[in-house]
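Student: Residue numbers (our numbering): 1 to 143.
Calculated directly from the structure, the hints in this document are not laboratory data.
Model, not experiment: these values are computed from the prediction.
Check before you lean on any hint, since a few could be wrong.
[As the list claims (entries may be wrong)] In silico lysine to any residue, SDA-like type, Cα no more than 25 Å apart, as pairs:
hint, residue 1, residue 2
1, K39, D109
2, K44, V100
3, K39, G119
4, K39, A127
5, K44, P93
6, K39, G84
7, K39, V100
8, K57, I136
9, K39, T50
10, K57, D135
11, K44, T134
12, K57, A126
13, K57, P104
14, K39, S131
15, K57, K39
16, K39, R130
17, K39, P104
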Amino acid sequence: MSRARRLSAAVLVAIALPVVPAVAEHEVYYRFTVLGYVKDVQGKPIADATVEVTRDKTAFSYLGQTDAEGFYFVRARLGDESRGEVLTVRQGPHVRRVLVIFDPANQTDERGTRVDFEGAHSIERAARFRSTLTDIIGAVNRH
1 MSRARRLSAA
11 VLVAIALPVV
21 PAVAEHEVYY
31 RFTVLGYVKD
41 VQGKPIADAT
51 VEVTRDKTAF
61 SYLGQTDAEG
71 FYFVRARLGD
81 ESRGEVLTVR
91 QGPHVRRVLV
101 IFDPANQTDE
111 RGTRVDFEGA
121 HSIERAARFR
131 STLTDIIGAV
141 NRH
């Protein structure tokens, strides 16, 4: 694993697993994570690309940056009442709109989705969110 990838993963863990959950915004039920990869048309990672996640309801944006592996992580502040909202995920001229889906009764599992940008295409891979998050956290714990 590259040094940049380990550093990005360490930052992810620091954000995803707060030591003292005293502030409500750090609780799982007040956040929604969008993560994924940005790659060029040949499938090569694009480093230092900006990814913007915008809540369509409020127009408030959250920004993320890709690491050397093209991986990005953006956390939006969304509460239980935000289920069903639409988020616009943008990387350069490429846009993907995603529906915020989660079980409000589950206040322990991380909430989110995965959106990958591959050349001119974007694809939501919600089913891969949890495994991607686990892989990133596991990579940090091994190093």
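Student: Hints the structure violates: just list their numbers, smallest first.
Tutor: 1, 2, 6, 8, 10, 15, 17
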